[in-house]
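Peer 1: Could you slot chain E onto chain H? The hints should help.
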Amino acid sequence: MKKTLILSTALVGFAAAAQAEVTVMSWGGSYGAAQTEGHLKPFTAATGIPTRMVDSENPATPIKAMVEANNVTVDVASLEYADAIRLCDEGVLEPIDIAILPPGSDGTPAVDDFLPGAITDCGVSTDIWSTVFAYDTTKFPDGGPTTAADFFDLEKFPGKRGLRRGAKAVLEFALMGDGVPASEVYDVLGTPEGIDRAFAKLDTIKSEVVWWEAGAQAPQILADGEVVMTTAYNGRIFSAQITEGKPFQIVWDGQIYENEMYVIPKGAPNLEEAKQFIAYATSTEGLRQQAQWISYGPARKSALIEPLIFNDGKTEMAPHLPTYPDNMKNALESDWEFWVDRDAELNERFNAWLAAG
Amino acid sequence: MAQLLTTADGRPLAEALAQAQAKSRRRAFLLVVPLLLFVLVSFVLPIGQMLHRSVYHDGFSANAPALVAWFAANPAGTEPDEAAFAALTEDLRGMQANRTAGEAGTRVNYILSESRSMFTRAAREAGDLVPPYRDAFEALDPRWVQPAVWQAMRSSSSAYTTDFYVVSADFQRADDGSLVRVPENRQIYIYLFVKTFLLSGLITLICLLIGFPVAHLLATLPMAKANLLMILVLLPFWTSLLVRTTSWMALLQGEGVINDLLVWIGAVAEDGRLRMINNQTGTIIVMTHILLPFMILPLYSVMRVIPPSYARAARSLGATSWTTFRRIYLPQTLPGIGAGSLLVFILAVGYYITPALVGGADGQLFSNMIAFHMDNSNWSMAAALSAMLLVGVLILYWLYDRLVGIDRLKLG
Chain H
68 MKKTLILSTA LVGFAAAAQA EVTVMSWGGS YGAAQTEGHL KPFTAATGIP TRMVDSENPA
128 TPIKAMVEAN NVTVDVASLE YADAIRLCDE GVLEPIDIAI LPPGSDGTPA VDDFLPGAIT
188 DCGVSTDIWS TVFAYDTTKF PDGGPTTAAD FFDLEKFPGK RGLRRGAKAV LEFALMGDGV
248 PASEVYDVLG TPEGIDRAFA KLDTIKSEVV WWEAGAQAPQ ILADGEVVMT TAYNGRIFSA
308 QITEGKPFQI VWDGQIYENE MYVIPKGAPN LEEAKQFIAY ATSTEGLRQQ AQWISYGPAR
368 KSALIEPLIF NDGKTEMAPH LPTYPDNMKN ALESDWEFWV DRDAELNERF NAWLAAG
Chain E
51 MAQLLTTADG RPLAEALAQA QAKSRRRAFL LVVPLLLFVL VSFVLPIGQM LHRSVYHDGF
111 SANAPALVAW FAANPAGTEP DEAAFAALTE DLRGMQANRT AGEAGTRVNY ILSESRSMFT
171 RAAREAGDLV PPYRDAFEAL DPRWVQPAVW QAMRSSSSAY TTDFYVVSAD FQRADDGSLV
231 RVPENRQIYI YLFVKTFLLS GLITLICLLI GFPVAHLLAT LPMAKANLLM ILVLLPFWTS
291 LLVRTTSWMA LLQGEGVIND LLVWIGAVAE DGRLRMINNQ TGTIIVMTHI LLPFMILPLY
351 SVMRVIPPSY ARAARSLGAT SWTTFRRIYL PQTLPGIGAG SLLVFILAVG YYITPALVGG
411 ADGQLFSNMI AFHMDNSNWS MAAALSAMLL VGVLILYWLY DRLVGIDRLK LG
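The listed protein sequences correspond, in order, to chains H and E. Counting in my numbering, the first sequence runs from 68 upward without gaps. Counting in my numbering, the second sequence runs from 51 upward without gaps.
It is possible that some hints are incorrect.
[Said to hold, decoys possible] Computed list of lysine-lysine pairs in DSBU-like fashion (alpha-carbon distance at most 35 Å, straight line):
#1 H/131 to E/245
#2 H/131 to H/342
#3 H/227 to E/245
#4 H/273 to E/245
Derived by calculation from the structure, the hints in this document are not laboratory data. Note that the structure is predicted; figures quoted are calculated from it, not measured.
Same shape as in the complex, but just chain H (with noise of 0.2 Å):
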C-alpha cells in the first residue's frame, strides 16, 4: 500500500515535470481573448504544450514583484513598451535573443520584416495598439466630434467625458486637444510651461471626466450613457463596435500609439517553451492570428502584405488599425523615454490635481 503510494505520487510528479505549461499574463477582456485565440491555442495545437491565460490589470506589477520575491510563476508577460524596456533595464526580465524569432512568411529576416522598435532587448512586439478617442453616434445626430480639440469642447458637444486615470497619455492628449500638432507635443510638455499649458487644457473639462481605469471600463462607461465620449484603446471599441453592434464612431484625430511586448520574466520556469511560444506568437502567422480577433497592427511587414479579415469573415481589418495611413494623419508615438523618466514627477502632479476637487 505504502509503496503504491510512493509510486504514484512520484508518477504524478514526474508527469507534472514532463507537461511543462506556459503561463501568459495580460489585460483580460477582448485583448486577453484575441491572445488566448490567436497565440495560445494555435500553439498549443502545433505544439502539444499546454498553455494558460492570466489576468491582471497592469502585467508589468505583478512582473516586478514576482520576479523580487523570487516566486515566479508566469512565463510570458505582454506589456506596454516603456514598461518593458524599464524592467528590462532593472534586470527584471529575460534577454530575448532576435535569432530565435522566424523570418517573415515572405522569406525576410525578421531584423528586417519588424518595424523600427518592435524588438527591444528583451521584448518582441506582438502589435501596435493606440489610445483613441470614441463617441456615441446616438448623443450626436447632428454629427460628431472629429477632432481633439472636439473632445475638450464642452459647447459644441455637450456631455460627460470618459479619460484614462493617470498622467500617460491624458496630457499628450491634452495638449493636442489644445491645437499642438503631434510632432511638437514632447518638446512642449518637455518644459514646465507645456506641462502647465496641459493640465490647464484638462481644468476646462475637470468637472465633466468620468475617470476610468482597466482598459474594459471605458466602452462599459460608454455604453451605460455615463459619458458621451470617452478615450479608450482602440481594440476595446472595435470588439464593441463590430462584435457586440454598439453604435460607437471612433475619432483617430490625436491617437497616440505604440508597441505593445511579449516579455519573458527572469527565472521563469519554463524558459524555453516560453522562448517557443514568443517565437511562435510573434511570427508572420502568429500576428496576423491575433489581428484577425482585435484590431491592433500587426508590426511585421510581412503580416500586412495580403489583406486581414476580422474572424466574422467580412470585415476587414486595415481601416481599424491605428498604422492605417488614414488614421495616422494626426497621430503620436508614445514617447517611452520621456515616461521612463518623468512618470514619478509628473503622476504625483497628476494625483494631487486630481485629489484638489
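Peer 2: Relative to chain H, chain E alone:
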C-alpha cells in the same frame, strides 16, 4: 530562629511551590506558542519588514560601490573632481555588465526627476569613455556636472534613507541638501492624510447616528422580530464587499436606479440628475453602508445587557424621557459607542477598494496613494505612506486610551 517550612521529603516549601508553578507556567506557555508564532510570522514580521523597507533602498548603493566610497571619503559640498568622475565611469561600466543601471537610476530618479535616463544612457556609453572623464561626461550630457545630480547621488549612496518620508511629507531636497516644500501643485500627501482622517471621522459619525437607533431597536424588540431585523443587518455584512460596492454603482450612477426613480416622480429634471457616484459623496455613502454593521453589532451587544429597570426607575423618580436617555441610558452604552466608533474609524482610515471604485477623482483616500505606488513598483514609498497611516492610527488609539480607557472597550 524560625524553622523553614519544608515539604514531606524535606525540601523548602517555597522552592517546591515555585518549581510547581514554573512547570504549569511552562505548560501554559506551550499552549500559546502556536498563536505566538502565528502572530509573529503573519503580523510582526511583515509590519517590521514594511517599516524597514520605508527607510531602506539599496538600488543605487549596492550597484555603485566606487561612488559610495568617494562620497564616504569626501564630505557633502565637495566639488566632484576627476576621481569622482572616474568612480562614476567605473560604476556605470559595472551597471552595464550587470544590467542594473535602471535600478540605480530609478533610485536617484525618486529624488531628482528626469535623471533615470541619464544613467541608462551613460551606462550604454560607459565602455567608450576616455579620460578626462569630467569633460567626457559633460559632452555626454551637461547635467552630469550639475550639483543637483551629485547631491541626489550622494543622498542615494546610503541604503538607509529618510527620502521617502521627506516625499511623504510633501517636501523635497534642494540642490544643497536642505529641505523645502514641493511646489503647491504637487503637494498631495499631507492634504490626503488629513482628508482621510476627516472623512473617516464623518463616516464614523454617520454610522453612529444611523446605527444607534437600529441597535436599540434590536436590543429591545421581542425576540422574533429582533431576529428578523438582525438578519437584515447581517445579510449585507456577509455579502462580499465587491458585490455591495458594485450594487451601489448600479444604484447611484447617473443613469442608475435612484436617479431614474427621481426623474420619474419628477423630483429632479432629466438634465439635473444627481451626481452621487465617482465623487466624494459616493465614497461616503458606500463606505457608510459597508461599515455600518461594525457599529451596530458592538452597540447591540452592550445595549442588550442594560437592564430596562434602570430607565423605568429614572422615569418613576420624575426624570423626563430626554433626561433618562441622556443621564441613564447613554452613559451605559458608552463602551459600545467607543468600540463601534474605533472599529469603524480604523477600518475606514485604511479603506482602499471602495474609494478606488466609486470615489472618482475627489473621493480618493490615503490608501489609494499607497496602492498607486505599489502599482508603480515604488515599494519604499508605499511603505513610508503605510507607516504614516500606522502611526496616525496608533496616536488615535493612544488618545482613545487616555480619554476613554481601552479597558472600557466592549466588542461583544
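Peer 1: For residue 131 of chain H and residue 245 of chain E, compute the direct alpha-carbon distance and say whether it is at most 35 Å.
Peer 2: holds (31 Å)
Peer 1: Quickly compare the C-alpha distance for residue 273 of chain H and residue 245 of chain E to 35 Å and report which way the hint goes.
Peer 2: holds (20 Å)
Peer 1: Does residue 227 of chain H pair with residue 245 of chain E here, judged by a C-alpha cut-off of 35 Å?
Peer 2: Holds, at about 27 Å.
Peer 1: When you check the alpha-carbon spacing of residue 131 of chain H and residue 342 of chain H, does it fall within 35 Å?
Peer 2: holds (19 Å)
Every hint, counting from the list given before, is met by this structure.
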